[in-house]
Amino acid sequence: MIYGLHAVREALRAGSRPLQRLLVLRTDRQFHDLVQLAKAQGVPVHIEPPQAFDRLAPGGRHQGVIALIAAKSYDTTEQILERATARGDKPFLVLLDGVEDPHNLGAVLRTAEAAGVHGVFITERRAVGLTSVVAKVSAGALDHIAVGRVGNLIRLIQDLKKVGLWVYGVDPQAVKLHTDIDMTGPIALVLGGEGEGLRPGVLGECDDRIRIPMQGRVQSLNVSAAAAVTLFEVVRQRRRGVVPAATPTES
Numbered sequence: 001m002i003y004g005l006h007a008v009r010e011a012l013r014a015g016s017r018p019l020q021r022l023l024v025l026r027t028d029r030q031f032h033d034l035v036q037l038a039k040a041q042g043v044p045v046h047i048e049p050p051q052a053f054d055r056l057a058p059g060g061r062h063q064g065v066i067a068l069i070a071a072k073s074y075d076t077t078e079q080i081l082e083r084a085t086a087r088g089d090k091p092f093l094v095l096l097d098g099v100e101d102p103h104n105l106g107a108v109l110r111t112a113e114a115a116g117v118h119g120v121f122i123t124e125r126r127a128v129g130l131t132s133v134v135a136k137v138s139a140g141a142l143d144h145i146a147v148g149r150v151g152n153l154i155r156l157i158q159d160l161k162k163v164g165l166w167v168y169g170v171d172p173q174a175v176k177l178h179t180d181i182d183m184t185g186p187i188a189l190v191l192g193g194e195g196e197g198l199r200p201g202v203l204g205e206c207d208d209r210i211r212i213p214m215q216g217r218v219q220s221l222n223v224s225a226a227a228a229v230t231l232f233e234v235v236r237q238r239r240r241g242v243v244p245a246a247t248p249t250e251s
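Numbering of the sequence shown is given in our numbering, commencing with residue 1 and proceeding in unit increments.
Everything labelled a hint here was simulated from the structure, so no lab data went into it. Incorrect hints may appear among the rest.
Computed beta-carbon distance windows for the label pairs [what the hints assert, rightly or not]:
1) Arg236 <-> Arg29: 36 to 42 angstroms
2) Asp33 <-> Arg125: 19 to 25 angstroms
3) Pro44 <-> Glu82: 34 to 40 angstroms
The beta-carbon is built from N, C-alpha and C at its ideal position, and this holds for glycine as well.
Let's have the full structure, built from the sequences with the hints guiding it.
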């Protein structure tokens, strides 16, 4: 189940997951395009009372729209890398270590999709899955980005390094800034979850560590804000072909 205008609209547009039913609170003009899009795809549309929405999405900001939809499938590492190669792109991945807050995961997915990330990997343990809250916060990005789920993040990092990706851990204690590293090549950025950040074992497998320079008294950002800063530095470098002074071979 997903809810919210943006999440439902993007799920219909993406067409990657079949919708079983669309529930709307009322026949309002703001739902007209959404209802027409659903009907064009053969999705049954039902007008439901407020009580039904409160029962299905208790406490959720559903905006009067709920879709009953098939669960999103997780992609394998091979599938994600093959898609990047088929597009002629250098792989650009995000690895999340123990992100437990669905709002943070949804925000990271939204940012990652906007930045052109080929895939986001989450962990099976100590982490939230692809819930309806994640879908809502992602504002539809969930249906436009590949997500992988792994049991062993360290092994994933090792596998990515074997196929030529440079892996950077975002760590407040790092010496190098995120702007000091050449991120125009095939890369994976690793970000830690709430509280603990990146585990020592995960950090130890990264090719290098990078940090975001903090100018105030607060010495770190939450994972979704850190993702926004670092991912769009990758976008900036790739668009302009900027190569910082410190390159991976010099690390």
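Each hint, compared with the structure:
no., hint, result
1, Arg236 <-> Arg29: 36 to 42 angstroms, "40 angstroms, holds"
2, Asp33 <-> Arg125: 19 to 25 angstroms, "41 angstroms, violated"
3, Pro44 <-> Glu82: 34 to 40 angstroms, "35 angstroms, holds"
Checked against the numbered hints above, the structure breaks only hint 2 and satisfies the rest.
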